[in-house]
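> Here is what each chain is made of, one letter per residue.
There are 2 protein chains.
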Amino acid sequence: MAVYTRLGAEEMAGIIAAFDVGTLTSAKGIAEGVSNSNWLIETEQDGPDGQKRPRRFILTMFESRTEIADLPFFLDLLDHLAEHGAPVARTMHDCEGASHRLHRTPDGDKALALIEFLPGVSVSEPTPEQARAVGGALAQIHLAAANFPASRANSLALPAWQQLLADCGREGLESIHPELGRIVERELALLAARWPADLPRGVIHADLFPDNVLMLGDKVTGLIDFYFACTDLFAYDVAVTHAAWCFSSDGARFDPALSTALLEGYCAVRPLSKAEQAALPLLARGAAVRFLATRAYDWLNTPADALVTPKDPMAFARRLEFYANPENARTFVDGVSA
Amino acid sequence: MAVYTRLGAEEMAGIIAAFDVGTLTSAKGIAEGVSNSNWLIETEQDGPDGQKRPRRFILTMFESRTEIADLPFFLDLLDHLAEHGAPVARTMHDCEGASHRLHRTPDGDKALALIEFLPGVSVSEPTPEQARAVGGALAQIHLAAANFPASRANSLALPAWQQLLADCGREGLESIHPELGRIVERELALLAARWPADLPRGVIHADLFPDNVLMLGDKVTGLIDFYFACTDLFAYDVAVTHAAWCFSSDGARFDPALSTALLEGYCAVRPLSKAEQAALPLLARGAAVRFLATRAYDWLNTPADALVTPKDPMAFARRLEFYANPENARTFVDGVSA
Numbered sequence: 001m002a003v004y005t006r007l008g009a010e011e012m013a014g015i016i017a018a019f020d021v022g023t024l025t026s027a028k029g030i031a032e033g034v035s036n037s038n039w040l041i042e043t044e045q046d047g048p049d050g051q052k053r054p055r056r057f058i059l060t061m062f063e064s065r066t067e068i069a070d071l072p073f074f075l076d077l078l079d080h081l082a083e084h085g086a087p088v089a090r091t092m093h094d095c096e097g098a099s100h101r102l103h104r105t106p107d108g109d110k111a112l113a114l115i116e117f118l119p120g121v122s123v124s125e126p127t128p129e130q131a132r133a134v135g136g137a138l139a140q141i142h143l144a145a146a147n148f149p150a151s152r153a154n155s156l157a158l159p160a161w162q163q164l165l166a167d168c169g170r171e172g173l174e175s176i177h178p179e180l181g182r183i184v185e186r187e188l189a190l191l192a193a194r195w196p197a198d199l200p201r202g203v204i205h206a207d208l209f210p211d212n213v214l215m216l217g218d219k220v221t222g223l224i225d226f227y228f229a230c231t232d233l234f235a236y237d238v239a240v241t242h243a244a245w246c247f248s249s250d251g252a253r254f255d256p257a258l259s260t261a262l263l264e265g266y267c268a269v270r271p272l273s274k275a276e277q278a279a280l281p282l283l284a285r286g287a288a289v290r291f292l293a294t295r296a297y298d299w300l301n302t303p304a305d306a307l308v309t310p311k312d313p314m315a316f317a318r319r320l321e322f323y324a325n326p327e328n329a330r331t332f333v334d335g336v337s338a
Numbered sequence: 001m002a003v004y005t006r007l008g009a010e011e012m013a014g015i016i017a018a019f020d021v022g023t024l025t026s027a028k029g030i031a032e033g034v035s036n037s038n039w040l041i042e043t044e045q046d047g048p049d050g051q052k053r054p055r056r057f058i059l060t061m062f063e064s065r066t067e068i069a070d071l072p073f074f075l076d077l078l079d080h081l082a083e084h085g086a087p088v089a090r091t092m093h094d095c096e097g098a099s100h101r102l103h104r105t106p107d108g109d110k111a112l113a114l115i116e117f118l119p120g121v122s123v124s125e126p127t128p129e130q131a132r133a134v135g136g137a138l139a140q141i142h143l144a145a146a147n148f149p150a151s152r153a154n155s156l157a158l159p160a161w162q163q164l165l166a167d168c169g170r171e172g173l174e175s176i177h178p179e180l181g182r183i184v185e186r187e188l189a190l191l192a193a194r195w196p197a198d199l200p201r202g203v204i205h206a207d208l209f210p211d212n213v214l215m216l217g218d219k220v221t222g223l224i225d226f227y228f229a230c231t232d233l234f235a236y237d238v239a240v241t242h243a244a245w246c247f248s249s250d251g252a253r254f255d256p257a258l259s260t261a262l263l264e265g266y267c268a269v270r271p272l273s274k275a276e277q278a279a280l281p282l283l284a285r286g287a288a289v290r291f292l293a294t295r296a297y298d299w300l301n302t303p304a305d306a307l308v309t310p311k312d313p314m315a316f317a318r319r320l321e322f323y324a325n326p327e328n329a330r331t332f333v334d335g336v337s338a
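Those protein sequences? They're chains A and B, same order as listed. Position 93, counted from 1, in the first sequence is what UniProt numbering calls 93; the numbers after and before it change by one each time, with no gaps. Position 223, counted from 1, in the second sequence is what UniProt numbering calls 223; the numbers after and before it change by one each time, with no gaps.
Worth flagging that the hints you see were computed from the coordinates, not collected in a lab. One or more of the hints may lead you astray.
Because identical chains share one entry, a pair is satisfied inside a single copy or across any pair of copies.
[Claimed, not checked] Using 30 Å as the maximum straight-line C-alpha spacing, the simulated DSSO-like pairs for lysine-lysine come out as follows:
(1) Lys52 x Lys311
(2) Lys52 x Lys274
(3) Lys110 x Lys274
(4) Lys110 x Lys311
(5) Lys311 x Lys274
(6) Lys110 x Lys28
(7) Lys28 x Lys52
(8) Lys274 x Lys28
(9) Lys28 x Lys311
(10) Lys28 x Lys219
As the structure is a computational prediction, the values presented were derived from the model and not from experiment.
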């Protein structure tokens with residue numbers, strides 16, 4: 001939660017004037033996004049009937065962690081998905097047709113994008129019907145992205161997990177939990193030996209936690225925060241979403257009803273192949289290791305007096321142990337065979 | 001800028017349901033307020049014509065620094081000022097008529113208030129016409145609050161400045177600037193000897209910086225953040241607003257055009273008496289000492305590695321030196337004699 005760059009009202013009005021979206025009437029910095037600054041923007045624009053109508057947008061300023069070189073991929077992807085009917089916010093292009101602009105700040109040039117505002121709230125205690133809708137929306141973006149021409153490597157795939165966990169060190173991992181070094185060694189060996197290469201792939205979201213889904217009741221109104229989107233296995237994205245939605249946040253409680261509903265919802269839109277189904281338990285172990293790796297790294301590298309509390313890596317170690325138990329592999333059967 | 005308490009969507013929907021304002025459709029934590037958590041809330045409500053209409057509010061959760069005992073003063077004041085036509089956001093009362101509610105959180109019960117959303121942006125480079133409008137709006141709240149029945153002592157008046165600056169210590173002040181200990185001693189002695197007691201008093205805002213004023217063009221659409229409001233001299237509030245609006249933020253440049261416009265704008269709505277005019281230079285020295293005191297205290301008591309950078313106390317030491325120069329006392333003459 002942050003607004004890293006201060007923009008005065010005059011500066012903001014100048015930024016908004018570069019888009020054909022009316023006159024700025026309100027701008028509130030919002031506490032969303034870990035590495036970007038975001039504002040909720042309101043404008044007033046003359047409609048075709050001469051009546052003024054209010055419009056709303058999210059203005060995102062990309063701070064150092066999002067590479068400007070990757071922005072065309074992310075922003076063109078939003079446009080592509082929205083055009084193909086997926087519940088995704090459209091990028092507003094400026095008067096010259098550009099999807100993002102550079103803005104001079106005291107810390108150097110930063111990229112800005114103006115993105116459609118979508119209604120909806122992020123649930124924290126999903127119901128099965130909500131999980132079903134999320135499964136369907138995930139399948140929808142996998143299908144909608146099928147003919148998207150660009151690609152982007154997954155910078156948080158197995159080699160990155162290996163590197164992050166090596167940087168933590170066995171001692172570091174054991175300082176988090178005495179068993180964690182052993183568990184990580186076992187999983188990394190297994191994943192390196194068995195990670196599938198020949199499953200269907202395309203653009204995936206790769207971070208579809210409840211925070212990144214806007215809902216009204218049981219309906220998905222928007223999938224947001226595509227800044228981990230990349231080209232990888234569709235079934236891995238299903239596994240990430242499963243790990244994100246089907247457990248209590250500390251990972252201690254698995255909810256079979258959410259699991260079944262999420263997978264049924266996905267398969268109703270894009271059925272998983274036999275090979276994908278068979279791979280799901282292993283991919284879910286990979287998904288758990290991916291979040292365990294970044295969280296363990298942040299846990300060990302965040303100063304004790306930082307204002308941001310790092311998230312507990314053990315929440316994903318618990319999910320990992322759940323997925324690693326062969327008796328739980330059948331968890332995935334109910335949803336995909338429906 | 002902060003959201004200190006996390007509220008899930010279900011919890012938020014429950015909070016909003018206690019008010020007769022429709023169904024929650026969006027909630028974004030906003031990066032405003034130093035000591036409270038704030039969300040921009042959107043609801044959808046059936047209008048008299050059966051058409052759904054969107055409504056917007058600010059939900060504020062009062063974290064520890066705002067005493068719950070003071071809330072009725074602040075919230076009733078907003079209602080009173082709005083009823084009397086001042087540009088102030090109204091408090092929404094809940095279905096039982098209460099202006100605030102207690103909400104159970106893991107950190108204990110916290111008070112919540114739902115406040116009308118006002119359009120407008122905060123300027124950072126005001127024009128004279130904007131300063132004139134702000135002067136007028138300040139006078140408007142002074143007049144509108146005249147028959148407000150409650151009162152609240154100013155907890156940041158002279159005794160608090162003395163205490164804060166004593167806590168800084170002469171050495172502490174001199175670590176900020178070699179001259180600061182001497183300047184503070186001189187000013188505190190003068191203010192204690194000459195602070196006026198018999199000028200017109202009533203409810204004042206006491207913190208009307210540009211951040212706390214929403215504007216559209218040259219028009220004030222809202223005065224916000226009344227959480228320093230208290231009963232004190234009207235002319236002292238004029239002096240605070242003068243110090244807040246008429247200098248570059250580092251205090252190095254005084255802008256006579258802003259000063260004249262601000263004072264003219266105020267006097268056009270509420271003329272200052274001869275005694276108030278005569279006291280302005282001294283009150284302005286007090287206003288500068290008030291912000292110097294809190295900033296110096298925060299400067300010396302913020303850990304070096306905190307994420308929040310304390311604001312520079314010298315920005316108000318420079319204003320203080322400006323006001324202490326007798327040649328600048330005539331600064332105030334142009335505006336009030338117009």
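> Go through the copies and call it for Lys274 and Lys28: within, between, both or neither, with a Cα cutoff of 30 Å.
Classified as neither; 48 Å inside a copy, 41 Å across copies.
> From the Cα coordinates, with 30 Å as the cut-off, is the pair Lys110 and Lys274 best called within, between, both, or neither?
Result: close neither inside a copy nor across copies, 46 Å intra and 52 Å inter.
> Is it within, between, both or neither when you check Lys28 against Lys219 at 30 Å Cα-Cα?
both (27 Å within a copy, 19 Å between copies)
> How would you label the pair Lys311, Lys274 (within, between, both, or neither) given a Cα cut-off of 30 Å?
This pair counts as neither: shortest intra-copy Cα distance 35 Å, inter-copy 61 Å.
> Using 30 Å as the alpha-carbon threshold, which applies to Lys52 and Lys311: within, between, both, or neither?
neither (45 Å within a copy, 40 Å between copies)
> With identical chains, the pair Lys52 and Lys274 could be close in the same copy or across copies; at 30 Å between alpha carbons, which is it: within, between, both, or neither?
neither (54 Å within a copy, 47 Å between copies)
> Up to 30 Å between alpha-carbons, please classify Lys110 paired with Lys311: within, between, both or neither.
For Lys110 and Lys311, both the intra-copy (28 Å) and inter-copy (25 Å) Cα distances are at most 30 Å.
> Go through the copies and call it for Lys28 and Lys311: within, between, both or neither, with a Cα cutoff of 30 Å.
both (27 Å within a copy, 21 Å between copies)
> Should Lys110 paired with Lys28 be assigned to within, between, both, or neither, using CA atoms and 30 Å as the limit?
Close inside one copy (19 Å) and across copies (24 Å); limit 30 Å.
> Checking Lys28 and Lys52: alpha-carbon separation at most 30 Å within a copy, between copies, both or neither?
Classified as both: same-chain Cα gap 21 Å, cross-chain 25 Å, threshold 30 Å.
The structure does not agree with the numbered hints 1, 2, 3, 5 and 8 stated previously, though it agrees with the rest.
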